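Participant: Chains as they are written, first to last, in numbering that gives the first Met the number 0: chain A, 0 to 92; chain B, 0 to 92.
Rather than coming from a laboratory, the hints here were simulated on the basis of the structure. Everything numeric in this text was worked out from a predicted model, so none of it was measured. It cannot be assumed that every hint is accurate.
As the list claims (entries may be wrong) - No more than 30 angstroms apart at the CA atoms, straight line, and that leaves these computed lysine-lysine pairs for DSSO-like:
#	chain 1	residue 1	chain 2	residue 2
1	A	K77	B	K42
2	A	K77	B	K77
3	A	K42	B	K69
4	A	K3	B	K77
5	A	K77	B	K52
6	A	K52	B	K3
7	B	K40	A	K40
8	A	K3	B	K79
9	A	K79	B	K77
Protein chains: 2
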Amino acid sequence: MDFKTIISLTANQCGEDQNRIRLILSSFFDVVKSEIASGEKVKIPQFGEFTSKVYQSRTIVSPFSDGPKKIPPRYSVKFKPSATLKNQVQDGY
Amino acid sequence: MDFKTIISLTANQCGEDQNRIRLILSSFFDVVKSEIASGEKVKIPQFGEFTSKVYQSRTIVSPFSDGPKKIPPRYSVKFKPSATLKNQVQDGY
Numbered sequence: 000m001d002f003k004t005i006i007s008l009t010a011n012q013c014g015e016d017q018n019r020i021r022l023i024l025s026s027f028f029d030v031v032k033s034e035i036a037s038g039e040k041v042k043i044p045q046f047g048e049f050t051s052k053v054y055q056s057r058t059i060v061s062p063f064s065d066g067p068k069k070i071p072p073r074y075s076v077k078f079k080p081s082a083t084l085k086n087q088v089q090d091g092y
Numbered sequence: 000m001d002f003k004t005i006i007s008l009t010a011n012q013c014g015e016d017q018n019r020i021r022l023i024l025s026s027f028f029d030v031v032k033s034e035i036a037s038g039e040k041v042k043i044p045q046f047g048e049f050t051s052k053v054y055q056s057r058t059i060v061s062p063f064s065d066g067p068k069k070i071p072p073r074y075s076v077k078f079k080p081s082a083t084l085k086n087q088v089q090d091g092y
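One chain only, chain A, in its complex shape:
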C-alpha cells in the first residue's frame, strides 16, 4: 500500500483534511528523525522503538588483495517492534 492511500485512510478515520494529515505527519517524523540522529531512543507506544546504530570503521586484510583495506564506519537505524505489533503480525498469518 502506498503512502498516499495510508494518508487517505487516516484522514477518513479522523475526519481531517489529507493535506493537514500530511503536514502533521511530516512534523512528527521530523521530530522523530532528529531525535534518532542525536542518539536518542524513540519509543512509539504499541508500535516499537527506534535506536541509531554505528558499525565502527575497521581494517581488513584480504588474501586476494595487496595490503590492508580500511572499511569506513556505517550508520544505520534499528527498529524493535513492540509485542503488540509482533502479535498482530502473527495473527495475520
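Since the structure of chain A is provided, determine the placement of chain B on it from the hints.
Facilitator: Okay, now just chain B, sitting in the frame of chain A:
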C-alpha cells in the same frame, strides 16, 4: 525523549492541539500496523520501510538434551531506514 515530549513538539510546530495530534497518530499507526500485519510493505517517504518477517518453525537436535526439539515460528517486523535518515544519523556523529 519520551513520546509525550515528541507529541508536544509536533503540536507546537503545527499549531495543533496535543490531543488531536495523539488521535491522528493513533489512527495513522493503526493503519500502518494492519498493513504490516497483512503482509504488505509500508514505506514512509524520507523515513524508511517496514516489512513483516516470519522465521519458520524448525527442529533442532541439541547434543545436551534428549531427542529433537521443535522451535516454534517467530514473527517480527523489519525496518529499512531511508538514505536520508541514515545520512542524518551520520551527520549527528
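Participant: Now, for every hint given, state plainly whether the structure supports it.
Facilitator: Going down the list of hints, with the structure as the test:
no. : hint            : result
1   : A/K77 <-> B/K42 : 16 angstroms, holds
2   : A/K77 <-> B/K77 : 9 angstroms, holds
3   : A/K42 <-> B/K69 : 33 angstroms, violated
4   : A/K3 <-> B/K77  : 21 angstroms, holds
5   : A/K77 <-> B/K52 : 15 angstroms, holds
6   : A/K52 <-> B/K3  : 24 angstroms, holds
7   : B/K40 <-> A/K40 : 24 angstroms, holds
8   : A/K3 <-> B/K79  : 19 angstroms, holds
9   : A/K79 <-> B/K77 : 8 angstroms, holds
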